[in-house]
Every structure is written in C-alpha cells, then in structure tokens.
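K.L.:
Okay, here's what each chain looks like letter by letter:
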Amino acid sequence: MILNTILENMGFEAERVWIRWISASEGKYFANIITEMVDKLKKMGPNFLKTTWDI
Amino acid sequence: MSKAYKLTVENDDLFATMKAFFRDLLREQVVDVLLVPQESVNHKSVIQTLVKNEEEIVNANPFIPLLLMNSATLVSQLTLDNPKSRIGVLMRSCEIRATIELAKLKQVNVENLVIIGVDCLGTYESNIYQEITEKYEGARDLSLKYLSKATEAEPFLLEGKEVRQACLSCEYPNPDNADIAISFFGCDLNKEIFVQLSEKIHHALPERLSLIPVESVMQWKESSKKCLDKRIKFRDNLFNDVLERIKDAKSFLKELEHCRRCYNCRKECPICYCRECIFDSLTFEHASEQYFTWAKKKGKIRMPTDTLLFHLTRMNHMVISCVACGQCSSACPNGIAVAKFFKTVGFKVQKLFDYKPGRSLEEENPQATFKEDEFPDVGTP
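Protein chains in written order, with the numbering used here: chain A, 1 to 55; chain B, 1 to 381.
Note that these hints are calculated values from the structure, not bench results.
Short derived list, chain B residues pointing at chain A, Cβ under 8 Å:
1) ALA249
2) LYS250
3) GLY299
4) ARG302
5) VAL349
6) GLN367
7) GLY379
8) THR380
Cβ coordinates follow ideal geometry from the N, Cα and C atoms, glycine included.
Use the sequences and the hints to build the structure in full.
P.N.:
Here is the structure:
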C-alpha cells in the first residue's frame, strides 16, 4: 500500500507493479498470472523508465 | 490532561526570566542535565548545549527562528544506552514528534527523559538567517523583534523574509506531548507566559519553578487555532502545487536533476537512523562491467546511477514516520524540494493507516506492526 501510494503520487504507472499471494506449490496459478501480466504490460507499451537515461 | 500555569516575566525581560526558569530546572533537580539552545560564542547563532552546571545557562534562547538540526537525533545519542540521569530537552513540536517516532523504533529511551516543549512560529533557512543577523546586534535582539507579534501567534517577518516552507505548512505549532510546555502564543511577552505541565510531571513542580496556577489559557488556545488554520491553508496549497508539478515520471526526474548524492537529506532526517544505509552498502557498489552493460543497453546512463532509486527507497523506508520538519530541504545544497514531496506523500501514506507520526507513543508504527486483517484486497484481484 505504501509503495503504491508513493508510485501513484510521484508520477509513476503503479499498474505496472503487481502484488499477488502465490504459494510455492501453486505453479499453474503463478504461470497464469505472469502470462496475464505480460499481456497487460505489452498493451501498456514500453516503460518510460526503461529508455530514459536520466534516472 | 495538562495543568496550566503562568510564569511572570520579571522586569519586562523575557530572556532573563527564561534563564532563571532553565536554571531552576537544574537547581531544583527537576532534571540532572539539560539540553537547551544557547547563543554561540559569537552571539549571532543559537545551538543546542548540554548543560550540567546551572551557571552555564548564560543566554538560553528557546525562541530563536533557527533550527540547525532536528534534536531528536541528539536525544537518541543521549538516551540509547539507558542512562540513569534525568535528561531535560528543549524541543519544538517537529523535534518532539520525531523523538516519539524514534522511541517506537527503539532508537530513543524515554524512561528518564523530560521533554520541555515550546510553541514555534517558524524558523528561517540558515543562509537567510545569516543575512538577517547582519542587521541586528545579536540573536537576542533578532528574537525579540521576531516575537513582537506573538499575541497573534504570528512571526514578525524579519527583513520581510518568510520562514521556511516546512514551517508555514506545519500543522503542529504547539508542542503536544511535552512534559513541560512553554506556551507563549497569545501572551504579552513583557508580562507573563503560560507553562503547561503534563499529569505525569506536575506533582510538586509548580512551586519549585515559580509557576502560578491559572484557570484558563483561552488566549493561547484561540491564537494557536488561528495560527493552525493559516498553516493548514498553506499546506493544502503546497500539496496541490506538488501534485501539479509531479504529473509523471519525467516531471519527478526533473525535480531530481540537480541531485548530487551528497546524502545530506538522509543525514539530517531524524527518522533515518540506519547505521549502514543500503545505499552505502555493497548492494550499490556495482561491478564496472555492470555499468558498461547498462550504458550499452541505454546508449548512455546518468552517473552516479540509482539517484531516482535512492529517493524512492528512502521514501519507502521512512515516509510513514515523516514529521515534515523540512531539515532535508534545508540541508540540500542544490535546493531540491525534498521536504515537499516527502510531506505530500507522507500525508497520503499516513492517512491510509489513520496514523499521525508523533501523536502518541502508544500508537504503533504501522510499517513495523503486523495485523492479520488489513487491506484484504491487496494481492487478491
């Protein structure tokens, strides 16, 4: 929550940071989440922070 | 509930009265040792002094519009190893709140600590103070002029200069949680000031300190409220200004473009107490090949690396306890508005937990406390 508040208010795309409860034995669930995340991220496009050198 | 008293100002001399008051604290053994701001050797500045011998209270000045550091750090140094002596410390509200937060983080031991709080009209940036001080005989004269609107709980703006932004937006002009509160707002400083004693300490104290009980501190309450209302207005404008300026990552990076990684902000912050900050550790001593890889990937990189990460990490680590004292901005050699972002984000983060840093020692630090039923939606989409 603290991290999200910081990111939201300091101009970052907080939607790129995901928090999920996943146990070590929930392999399939983990794989599904990652697939879903990659899809969503691809739709969002490259992160500005990836290319900016001023960081 | 605190009990209210008045301290009569003798011979129209506020500073002589305060000198006697502080000497009484030592002479009457209310405290064994006293940390109190006194004039520097050249009489232009005012700095905390640790006094054992009451004769060494020579030119104590709890009202000076200057705060060269947040004394909570000193209180930590003085109490960390559980001293047996009773330590009295003269502090303003931001210093008291920081001390309470440090106590929760086990960096301050409050067992033998007597907090003497004082109302605060705001302090100047050190360089502005030095300019102003050229026009005055010394710290005393400067203070008396600055206090000349104390009945309205407003600072007299010396040479037309504003006090620090952190002070203009401070929601805590009175020293809540002090054992002994020097409540001078609303008072005629040539006649008398109020002194409020906490339940814990007021037993048998008033006579020893020449305090006379009073029925009401109405003018102190009313002027303090007026002061607070003004500050809240200023604070809200400040929040809007910050959120306007920082719309995206690019605009935040713009704020940090002059950061020289001196870490002054971290050093001055009373809450940043880590013996080895992660940024001084091996974690951030990258191998040279790592730098070259990054440079290759992006074409070029800012050096030193991790500037943005430093500020975000520090924020993540301490903003829950940020008391917005503004020492970070005051210490920044390059004028970065660190205090503004930290206060703004601090306010929002603290609101999430309905937490006010420094409000009460009994209130646990939310970041350091595990609660099973909290934010049930996080992590479960």
